[in-house]
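There are 2 protein chains.
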Amino acid sequence: MNDRQVTASIITVGSEILKGKIIDFNSSNISNYLIKLGINVKYHLSVSDNILDLIRAFKKIEKSDIVITTGGLGPTDDDNTKKAFAEYLNKKLFFDENLWKELKKYYFIKRENIPESNKKQAMNIKGSEIIENKNGTAPGLFYNYNGKYYFLLPGPPRENIPMLKKFVIKKLKSKKYTGNPLYEKIIKIYGLGESNLADILKNINKNCEIGYYFKREGFIELHISKQGKNYTQLKEMVDRTLEEIKNKLDKKKIFYTDNYNLNKLLFLKLKESSRTVSIADTICGGKISSKIVEIPGSSKVFTGSIVAYSNNSKIEILDISQEIIKEHGAVSEKVSREMAANVRNVFDSDIGAGITGIAGPNGGTEEKPVGLVYFTINIDDKNYSFKREFIGDRKRIINKTINSLFIELIKLLDKK
Amino acid sequence: MNDRQVTASIITVGSEILKGKIIDFNSSNISNYLIKLGINVKYHLSVSDNILDLIRAFKKIEKSDIVITTGGLGPTDDDNTKKAFAEYLNKKLFFDENLWKELKKYYFIKRENIPESNKKQAMNIKGSEIIENKNGTAPGLFYNYNGKYYFLLPGPPRENIPMLKKFVIKKLKSKKYTGNPLYEKIIKIYGLGESNLADILKNINKNCEIGYYFKREGFIELHISKQGKNYTQLKEMVDRTLEEIKNKLDKKKIFYTDNYNLNKLLFLKLKESSRTVSIADTICGGKISSKIVEIPGSSKVFTGSIVAYSNNSKIEILDISQEIIKEHGAVSEKVSREMAANVRNVFDSDIGAGITGIAGPNGGTEEKPVGLVYFTINIDDKNYSFKREFIGDRKRIINKTINSLFIELIKLLDKK
Chain A
0 MNDRQVTASI
10 ITVGSEILKG
20 KIIDFNSSNI
30 SNYLIKLGIN
40 VKYHLSVSDN
50 ILDLIRAFKK
60 IEKSDIVITT
70 GGLGPTDDDN
80 TKKAFAEYLN
90 KKLFFDENLW
100 KELKKYYFIK
110 RENIPESNKK
120 QAMNIKGSEI
130 IENKNGTAPG
140 LFYNYNGKYY
150 FLLPGPPREN
160 IPMLKKFVIK
170 KLKSKKYTGN
180 PLYEKIIKIY
190 GLGESNLADI
200 LKNINKNCEI
210 GYYFKREGFI
220 ELHISKQGKN
230 YTQLKEMVDR
240 TLEEIKNKLD
250 KKKIFYTDNY
260 NLNKLLFLKL
270 KESSRTVSIA
280 DTICGGKISS
290 KIVEIPGSSK
300 VFTGSIVAYS
310 NNSKIEILDI
320 SQEIIKEHGA
330 VSEKVSREMA
340 ANVRNVFDSD
350 IGAGITGIAG
360 PNGGTEEKPV
370 GLVYFTINID
380 DKNYSFKREF
390 IGDRKRIINK
400 TINSLFIELI
410 KLLDKK
Chain B
0 MNDRQVTASI
10 ITVGSEILKG
20 KIIDFNSSNI
30 SNYLIKLGIN
40 VKYHLSVSDN
50 ILDLIRAFKK
60 IEKSDIVITT
70 GGLGPTDDDN
80 TKKAFAEYLN
90 KKLFFDENLW
100 KELKKYYFIK
110 RENIPESNKK
120 QAMNIKGSEI
130 IENKNGTAPG
140 LFYNYNGKYY
150 FLLPGPPREN
160 IPMLKKFVIK
170 KLKSKKYTGN
180 PLYEKIIKIY
190 GLGESNLADI
200 LKNINKNCEI
210 GYYFKREGFI
220 ELHISKQGKN
230 YTQLKEMVDR
240 TLEEIKNKLD
250 KKKIFYTDNY
260 NLNKLLFLKL
270 KESSRTVSIA
280 DTICGGKISS
290 KIVEIPGSSK
300 VFTGSIVAYS
310 NNSKIEILDI
320 SQEIIKEHGA
330 VSEKVSREMA
340 ANVRNVFDSD
350 IGAGITGIAG
360 PNGGTEEKPV
370 GLVYFTINID
380 DKNYSFKREF
390 IGDRKRIINK
400 TINSLFIELI
410 KLLDKK
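Protein chains in written order, with numbering that gives the first Met the number 0: chain A, 0 to 415; chain B, 0 to 415.
Read the hints as simulated data drawn from the structure, not as lab findings. Note that this is a predicted model, so its numbers are computed, not measured. Glycine is no exception: its CB is placed at the ideal position from the N, C-alpha and C atoms. Certain hints may be false.
Computed far set for chain A versus chain B, every beta-carbon distance over 10 angstroms [as the list claims (entries may be wrong)]:
| no. | residue |
| --- | --- |
| 1 | D52 |
| 2 | S312 |
| 3 | K414 |
Taking lysine-lysine and the BS3-like style, the derived pairs with C-alpha atoms no more than 30 angstroms apart in a straight line are [claimed, not checked]:
| no. | chain 1 | residue 1 | chain 2 | residue 2 |
| --- | --- | --- | --- | --- |
| 4 | A | K252 | A | K234 |
| 5 | B | K91 | A | K225 |
| 6 | B | K201 | A | K119 |
| 7 | A | K214 | B | K109 |
| 8 | B | K205 | A | K118 |
| 9 | B | K82 | A | K62 |
| 10 | B | K367 | A | K119 |
| 11 | B | K35 | B | K184 |
| 12 | A | K394 | B | K35 |
| 13 | B | K100 | B | K133 |
| 14 | A | K184 | B | K394 |
| 15 | A | K133 | B | K234 |
| 16 | B | K147 | B | K245 |
| 17 | A | K147 | B | K58 |
| 18 | A | K133 | B | K20 |
| 19 | B | K164 | A | K394 |
| 20 | A | K251 | A | K205 |
| 21 | A | K82 | B | K245 |
| 22 | A | K247 | A | K263 |
| 23 | B | K100 | A | K263 |
| 24 | B | K201 | A | K20 |
| 25 | A | K214 | B | K164 |
| 26 | A | K214 | B | K214 |
| 27 | B | K268 | B | K247 |
| 28 | B | K147 | A | K58 |
| 29 | A | K184 | A | K251 |
| 30 | A | K119 | A | K299 |
| 31 | B | K58 | A | K90 |
| 32 | A | K187 | A | K270 |
| 33 | B | K174 | B | K91 |
| 34 | B | K247 | B | K234 |
| 35 | A | K62 | B | K174 |
Please work from the sequences and hints to get the whole structure.
Next up, the structure:
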């Protein structure tokens, strides 16, 4: 068993998945855990609640060493996973008094009466091991079938993930089933196109696996990984490859982070330098500050923001003269400079950022097209201004503006 | 064929899916289209790029009348879907000069030279029909195999969805393969728990299928649908059931929308009544206004917003006296009233909204716990104040606050 790759398949159960009503996040979640143990995931299979389809599904993936199912363990008529599994094994289900006691306890703690329908969840298969579910009524089930491992888990991630961490992974680690572990490092690269990425990766040594994923938020996630027995060796190889890549990115002045989100990184840099920031924005509609505020504790580094949509509000609150707006236009470097300096005064912050731009789809002109953005960062009484021309729809332009601002802010904070 | 349910299966190809690196949205997207045609989706299967695994995958779902694959049509070594399909059919691939010409044209328009590697994408199977891809280099392929329909589509949704709409659905509609169509209505219900939902649905007539899906954004999506031959009859049954449900919701004063997002609905109501709104917020960090600004054209109904985090900024910009903050606390009905009235003045809008609260995880006290929210809507010189106590993490509390504010705003706009 140790000499060949251990394989796993995941079955997600639920007619709603097949109807396209809900998206299956479980398969991806679970795969992430398995791959770190060196297990080769062969199939993700989604199947309806129908008992015959379910039995067929178990047959379709029966060559896998490990099978994990999610869903179909509830109390309703639609919940057939245990029944189908028992039929597949040619075993009978029995009413498990101990399991019933546990279920009653669960309801007792919630001060509710247990419905009769829950009796279904107390059905068990002889020879199985029950997997405790602390976040719901559906117990999981583990079954060792001639050396093949079956894990039946409930559907909701908040129930199956703790069970995965506390039971499944432990079980897999304790047995011969663990393959070669995977060592992985992830970096996020901003402002790089596909062909330029290929260029960066061209002469990198190829003894690690390098995967890249274009993220909707406007960056590339680079996964550098290696599977093997010797942890020190793996780490050494992956880290060396990562260093090589970072050197190339540094040379080309391409921005990347070590698997941090930009808002988190910005928060840490602001905290580190004990500075506060405020935002004046006429394009992102408040999304810039909301990204900062996502991070708990952000009130320590963020004093406030103004979203000025009417020209009137720019003049009154941000104290930008009508003449400047007339001369340069509301979307201009000049206005962004005024905004940055004035918002800093208004909110009494160490850093002020002023962002103007045209998110579209309307409002663009030949001279100032949709996607044009000017922003200024006022820091240590100096102004740093930037011009950007983004392409894409409204949402992408807004997201790219936020990324671009955060990157320049982080760079300026790193400088000091 | 017309008397039994037509079945389909979807194969998504890509090792990244099995490694949990990317989430398969294609299966769900495609299922949504198929179910509307009355086609019964039997399996979603994800499989690696490995050619043998791919052939096995075609075998596993060969009982389905329709098979749609996505992915593995690119120019690299990993792209094996066409090759595996040809082997599965026991056919040979040939280099298609016409396809090659089309690919060259695609590059010519982009003013780029076509790489040699793209020759792989010009390979074809005799007897197939090519599906044009206007958004990428990977052509799709349709094959009628003894009455079974195979559609091979590229992986990116922006490529496969147009092909699905323009080719696949037309093909299915034009042949005997179309089953009984589905008629469906969707409503979004806010502020309702699971047990109360069961209560609402208890005595509803059961001749339609009713599915409900708890959405992370804090609402329940209710899908009322019916499959059958007679469109008028279907429509009549679904609409009647929907009316019944709406009556029950109205009676219990539960808010719902006809498949509109709240921000879109609010935008329409504001536009309809020719009014503008401005926001002063100390909890959501700008997310309220960013939700409004998501809608193109929002500058017509939104004049601006202030996110005041420091007490100082509340006093200075929103003109709230230190005494009021001292006496009532920054999170209070009184402060939210002042904010609503003053932000209206600052941004010269018809409606002002002031929102205060504690998003957590820190900052709560026994008297004012995490999740406490006060907000006030100032409209027609009247103040409408609301108190809410939400549970959940920071993100959920922020999202529930936004939903709650938008609902009360919509209700007040409806009143007039």
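Which constraints among the numbered hints does this structure fail? Numbers only, ascending.
Numbers 1, 2, 5, 10, 15, 16, 21, 23, 30, 35 - these are the hints that the structure violates, sorted from lowest upward.
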